[in-house]
Amino acid sequence: MALDHQAKRDFKVVGTRVARPDGIDKVTGKAAYGADITAPGMLFGRILRSPHAHARIKSIDVSEAAKAPGVKAVVTSADLASPDDEYYADIRDNCLAREKVLYDGHAVAAVAATSKAAAKAAIRLIKVDYEILPHVTDVDEAMKPDAPVVQEGRALENVPAGMSQNVTSHFEFGHGDLDAGFAKADKIIERTFKTAATHQGYIEPQACMASLGTDGRGEVWCCTQGQYMVRANCAEVLGIEASQLRVISSEIGGGFGGKTTTFIEPVALALSRKSGKPVKIVMTREEVLRATGPTVSTSMDIKIGMTNEGRITAARGELRYQGGAFPCGTVEFGAQAAFAAYDLEAVQTLGWNVMTNRPKEIAYRAPGAPTSIYAVESVVDELCQELGLDPLDVRLLNAARKGTLSAYGPTFNEIGLVATLEAAKAHPHYNAPLGPNQGRGLSCGFWFNFGGNTCVSLNINDDGTIGVVEGNPDIGGSRASISMMAAEELGVPYDKVRTVIADTTSLGFNDVTDGSRVTFAVGLATIKAARAAIQEMCKRVAKIWGIDEDAVLWEDGFAKPSGPNAGTHPPMSLAEIAAIAGNTGGPIAGHHEVNADGAGVSFGVHLVDTEVDPETGATKILRYTIFQDAGKAVHPDYVEGQMQGGAVQGIGWALNEEYIYGEDGRLQNAGFLDYRIPVASDLPSIETVILEIPNPGHPYGVRGVGETPIVPPLAAISNAVSRAAGVRMTELPMSPPRLLKAMSA
Amino acid sequence: MKMIPVETTINGDRTEFLCNSDESLLDVLRDRLGLTGAKEGCGTGDCGACSVTLNGRLVCSCLVLGVEVDGAEVETIEGMADGEMLHPLQRIFIEEAALQCGICTPGILIAAKSLLEKNPDPTDTEVRYWLAGNLCRCTGYDKIIKAVQKAAAEMRAA
Amino acid sequence: MADGQEWVEVEASNFKQLLDELAIKHPGLAPQIKRGVSLSLDGVIYREAWFTEIGPENEIILMPYMVGG
Numbered sequence: 020m021a022l023d024h025q026a027k028r029d030f031k032v033v034g035t036r037v038a039r040p041d042g043i044d045k046v047t048g049k050a051a052y053g054a055d056i057t058a059p060g061m062l063f064g065r066i067l068r069s070p071h072a073h074a075r076i077k078s079i080d081v082s083e084a085a086k087a088p089g090v091k092a093v094v095t096s097a098d099l100a101s102p103d104d105e106y107y108a109d110i111r112d113n114c115l116a117r118e119k120v121l122y123d124g125h126a127v128a129a130v131a132a133t134s135k136a137a138a139k140a141a142i143r144l145i146k147v148d149y150e151i152l153p154h155v156t157d158v159d160e161a162m163k164p165d166a167p168v169v170q171e172g173r174a175l176e177n178v179p180a181g182m183s184q185n186v187t188s189h190f191e192f193g194h195g196d197l198d199a200g201f202a203k204a205d206k207i208i209e210r211t212f213k214t215a216a217t218h219q220g221y222i223e224p225q226a227c228m229a230s231l232g233t234d235g236r237g238e239v240w241c242c243t244q245g246q247y248m249v250r251a252n253c254a255e256v257l258g259i260e261a262s263q264l265r266v267i268s269s270e271i272g273g274g275f276g277g278k279t280t281t282f283i284e285p286v287a288l289a290l291s292r293k294s295g296k297p298v299k300i301v302m303t304r305e306e307v308l309r310a311t312g313p314t315v316s317t318s319m320d321i322k323i324g325m326t327n328e329g330r331i332t333a334a335r336g337e338l339r340y341q342g343g344a345f346p347c348g349t350v351e352f353g354a355q356a357a358f359a360a361y362d363l364e365a366v367q368t369l370g371w372n373v374m375t376n377r378p379k380e381i382a383y384r385a386p387g388a389p390t391s392i393y394a395v396e397s398v399v400d401e402l403c404q405e406l407g408l409d410p411l412d413v414r415l416l417n418a419a420r421k422g423t424l425s426a427y428g429p430t431f432n433e434i435g436l437v438a439t440l441e442a443a444k445a446h447p448h449y450n451a452p453l454g455p456n457q458g459r460g461l462s463c464g465f466w467f468n469f470g471g472n473t474c475v476s477l478n479i480n481d482d483g484t485i486g487v488v489e490g491n492p493d494i495g496g497s498r499a500s501i502s503m504m505a506a507e508e509l510g511v512p513y514d515k516v517r518t519v520i521a522d523t524t525s526l527g528f529n530d531v532t533d534g535s536r537v538t539f540a541v542g543l544a545t546i547k548a549a550r551a552a553i554q555e556m557c558k559r560v561a562k563i564w565g566i567d568e569d570a571v572l573w574e575d576g577f578a579k580p581s582g583p584n585a586g587t588h589p590p591m592s593l594a595e596i597a598a599i600a601g602n603t604g605g606p607i608a609g610h611h612e613v614n615a616d617g618a619g620v621s622f623g624v625h626l627v628d629t630e631v632d633p634e635t636g637a638t639k640i641l642r643y644t645i646f647q648d649a650g651k652a653v654h655p656d657y658v659e660g661q662m663q664g665g666a667v668q669g670i671g672w673a674l675n676e677e678y679i680y681g682e683d684g685r686l687q688n689a690g691f692l693d694y695r696i697p698v699a700s701d702l703p704s705i706e707t708v709i710l711e712i713p714n715p716g717h718p719y720g721v722r723g724v725g726e727t728p729i730v731p732p733l734a735a736i737s738n739a740v741s742r743a744a745g746v747r748m749t750e751l752p753m754s755p756p757r758l759l760k761a762m763s764a
Numbered sequence: 009m010k011m012i013p014v015e016t017t018i019n020g021d022r023t024e025f026l027c028n029s030d031e032s033l034l035d036v037l038r039d040r041l042g043l044t045g046a047k048e049g050c051g052t053g054d055c056g057a058c059s060v061t062l063n064g065r066l067v068c069s070c071l072v073l074g075v076e077v078d079g080a081e082v083e084t085i086e087g088m089a090d091g092e093m094l095h096p097l098q099r100i101f102i103e104e105a106a107l108q109c110g111i112c113t114p115g116i117l118i119a120a121k122s123l124l125e126k127n128p129d130p131t132d133t134e135v136r137y138w139l140a141g142n143l144c145r146c147t148g149y150d151k152i153i154k155a156v157q158k159a160a161a162e163m164r165a166a
Numbered sequence: 896m897a898d899g900q901e902w903v904e905v906e907a908s909n910f911k912q913l914l915d916e917l918a919i920k921h922p923g924l925a926p927q928i929k930r931g932v933s934l935s936l937d938g939v940i941y942r943e944a945w946f947t948e949i950g951p952e953n954e955i956i957l958m959p960y961m962v963g964g
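Chains as they are written, first to last, in the numbering used here: chain A, 20 to 764; chain B, 9 to 166; chain C, 896 to 964.
One thing to keep in mind: the hints can contain errors.
Reference excerpt, derived from the structure (chain B facing chain A, CB under 8 Å, subset only) [as the list claims (entries may be wrong)]: (1) Phe25; (2) Leu26; (3) Leu41; (4) Gly45; (5) Asp129; (6) Leu143; (7) Arg145.
Since the hints were made in silico from the structure, they are not lab data.
By construction, the Cβ of each residue, glycine as well, lies at the ideal position given by its N, Cα and C atoms.
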C-alpha cells in the first residue's frame, strides 16, 4: 500500500502524545501478566532440569515422584507427539529432552502437584540415569573436526564436506572484486572479535496456565509475543488440532524477541491432559537464564581497506555464530546487516551457524546484527584513527543512500542514514569538550524490519465508539499507536477508539510481535480496515440521501456530499450513522487481512562519551545521544522509549553482560546479581533525535523502530573507550577486569 | 509442617492469614491474599519488582518471610491510589510514558514514593541511586527519572 | 550455490514461477527454496508473496527468509 499522496498531510492524532489505554491498570497493579491468574482446582507444575552440559539419558524412573504427596501427573518426552517437521521436532526436544540432554538446564521431566512445595519436593524424587558425554561450549572449539558432536546429521547441504557436524549451515553475500578493491586501499586493517552470549533480560519470567482435555480441546494463558505461534507450537508438540486450542496472551513483562518461542506451554498442557486439571508453570530467574533463549556468542574476522581520503575500497567479514544445541539461522542476518550502512564496490560476508552444548538461541531485538556491526564499525573507526580522519565524515563519504546497491543484495529506496549522520554532525554533542580519560565514539546501526501476516477487525459500535481487534501482543505501546491510526483515518478523537488484543479464536493467523512489525503492519491493516468501514458508512448515507455512493465523501469524521451536484445534505457524523446502523442494514465494520510487505529499513547513529577509570577499568557513560529514522513517529514518546530502551540494552551488552560457562559446561551466573544488567545509577540522561524520512510502503510513512537501537551501542562504546583509554577492545563485554588487563598490557 | 497464623495490616486493612514458615511475604501476597501487584522477577532480591514497604521501610518482599510481618504495617502498590484518585507518581508516570511493559512499575512506584517521603527534593543522581535496586529493561530509566522529578515538584507545590 | 554463479537467468512472470523455474534449472538451490526465501524487487522486500509480478525491467534478488526479535 503506497504512501498516501496527500503531499504534506496534516496529521491530527498521529504524532501527538496521548495516554496509553493500559496505563491505569499497570500503575495500580491490576494488570494481569502471565503469572497473575489462578483457576479453580489448579495444580502447580515444576520442571526437572539436567545438571550436565551433555549426557545420554539411559533411563528415567518417575515411580517415586508419581506416588509423592500431592502429585497428580508426571510427564517426560514420551508424553509428547512426534512431529515430522524438523522445526517442531526441535521445539519438542527442547521442551523435554528425548535421548540426550544437550545443555545445562535442559528440561528432562515435569510434575504437577497440589502445591508449589509438593511439586518442588516431587521432582527431587525423579531418578535419571545419565551417561555423561564430552561437551563443547565455545564456537571456535565446536567447529574443530574433533569437537564433541552435539547432534548428528543436522548440517544443511550448503556446508562443505569435512567440517565438524556441529557446523549446520553456511551463507555468503556480497558483490564485486575483493582483490581489486583491497589493491586500491592505502590502509588495510584486519581484526578478530569475540562476543559472549547475552540474555534479553525481560523482568517477567515465562509463566503460563494451561488446561487440556482428553478430547483435544484446551486453553492456554501465557505471556508471549505471539499467541498464534504458541498455538501452532503446542498443537504440533502435543499432537492436537490447533483450532481446538485457545491461546490468550496476557500482558507481557518484556519480550525483546525472547518470548517468540515456547518453553513451558507444551509441558503445562501435557501435565494438564494427564492430571485432568489446569496446570500453572512459572519459571524461576535461574531457569530463565539457564534454559530459555539467549543470543548467539560469536567469533568474527573483519578486513576493511580504505584510501587516505577515507573511501572504503573493499570489505570482507567472516562470522562464526554458535546458537546452542539446535541448528540456528542467525548468522545470515548478521552477515547481511554487517556492511549494510555502506556503499561498497567490493564486499563479501561469509557466515557459519554452529551448535554447542548451550541453550537454544532465540532473537534479541535485531538478531545477529549487533555483533557483526560491532566488529565492522570498530574496524572502520580504527581506520579513521590510523588515517587521522573524522569518523562522521568517513561515514558520510561511504554512506548508503537511495540507489545504493546494498551489501546484502537489494538496491535501497529512500533511507534515512545520511540524514541521521548529518543530524549527528550538527548536534552540540559532537563538538562538546572532553576531559582526561574521556573519549567519544560513534556507530551506525541498521535493521531490516518486516511486515508479515496480519488480521485486523474494526467495529463501529452503536454508541459511536470504535473497537479495533488485532492479534499482536503489545510490547511497546502499540495499542495506543493502533488506536491513533484508526482515529486519524476515521476522523474521530483518540479516546473514542479502543484497541484490544484478541485470542487465537477471534481472528485469523497473525505472525508474532517481532521484526519491529506491529506499528507498521498492524497499523497498515488498521488503516485499510478503517477505510473499508468508511466505505460502508458512505454507502449507508448515500442510501439515506438517495444519491450515488461515489457522491458521498468522508472528512474529519463526517459523511458529506462530495460536491454541489450531490445536493444539500447536512453532514452526518460517525456517531449518528452508528446509532441507526440497525435501520440501514445492520452493524458496521471493516476488516483487513494481509501478509504485509514494504516495511522500511531503519538506520540509526549513536554518539557516546565515556570516561575510563585507569585504576579499575570501569567505564562510565557520560553522555549519550541517539539519532534514528522512524519514517513517521506515530507516538513520539513510544519511539523515544524504544530508542532509549534498546540503547541501554546495548550498553549492558558492551560493558557487563555475558554468559559465563565453567569447565564443566555449566552456567556460572544464572541470576541478576552476577548477570549484571544496567541500573539507573549506571546511566546518564539519554537524548533522542527522531528523524522522519517516510517509508513509501506505509500510508503514513511508518518504519519499524524497535530493533535498530540495540545495534550501535556496542561499537559506539568500544570506539569511545579506544579514545578514552588508548586500547582497542576486540572482546565483549568490556568489563572492568578485561579493560584493566588490556590497559596494563 | 503446621501453618503459622499471622496478623498484620496491609494497606491500612487488618489482615489475617496462615502460611508456612518458609514462605516469603511475596508468596503470601500473591498466592494467599490475591495481591498480585508485587511481581517476582528474580526471587533473590536483585530486581526490586517485589518492592513493598514494611513499617515504612522499603524492602524486597521476596527477602521477607511471611511470618515476619506479624504485627507490622505493610504497604503495597494496591494501596497507593486513594479509591479512584491516583497518586501523583502514578498519574505522572502515565503522562510521561515512564512505563512500557509495566512489570517493574509497581516496584518502582513504591520505591519512588518511599524516596520522596524521605527526601522531597532529590537530585537526579539521588533518584538514580535510590532506584538502583529496581531493574527496568524496557525504558532505559530516562523517562522514569523525569517522571519522578515532575511528581516531586508537583508534590512540593501542593 | 547455483554452481558458483552469482547471476542466473530464468523465465518467469511472478515470484512463484521464478522459484519453480529456479528449482528445476538449478537443483542445488531447491533445498534453500523449500526452506524459504524472500524476494527483493527493485529494493522492496517481499517475504513470501507468490503472485508478486515480475517484469523484464525489475531488479530481483533472492534472500533467506527474514525474522526479527
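Hint check:
Taking 8 Å as the C-beta cut-off, the interface hint given for Phe25 (chain B) is violated, the closest approach to chain A being about 15 Å. Look at Leu26 (chain B): its Cβ only gets to about 13 Å from chain A, farther than 8 Å, so that hint breaks. The closest approach between the C-beta of Leu41 (chain B) and any C-beta of chain A is roughly 12 Å, which is over the 8 Å cut-off, so the hint fails. Nearest Cβ of chain A to the Cβ of Gly45 (chain B): about 2 Å, under the 8 Å cut. The hint holds.
With a cut of 8 Å, the hint placing Asp129 (chain B) at the interface with chain A is violated, because the nearest CB-to-CB distance is about 18 Å. Residue-level restraint check for Leu143 (chain B) holds (minimum Cβ-Cβ distance to chain A is 6 Å; threshold 8 Å). The restraint placing Arg145 (chain B) at the interface with chain A holds, with a minimum CB-CB distance near 5 Å, inside the 8 Å limit.
Hint violations for this structure: numbers 1, 2, 3 and 5, all remaining hints satisfied.
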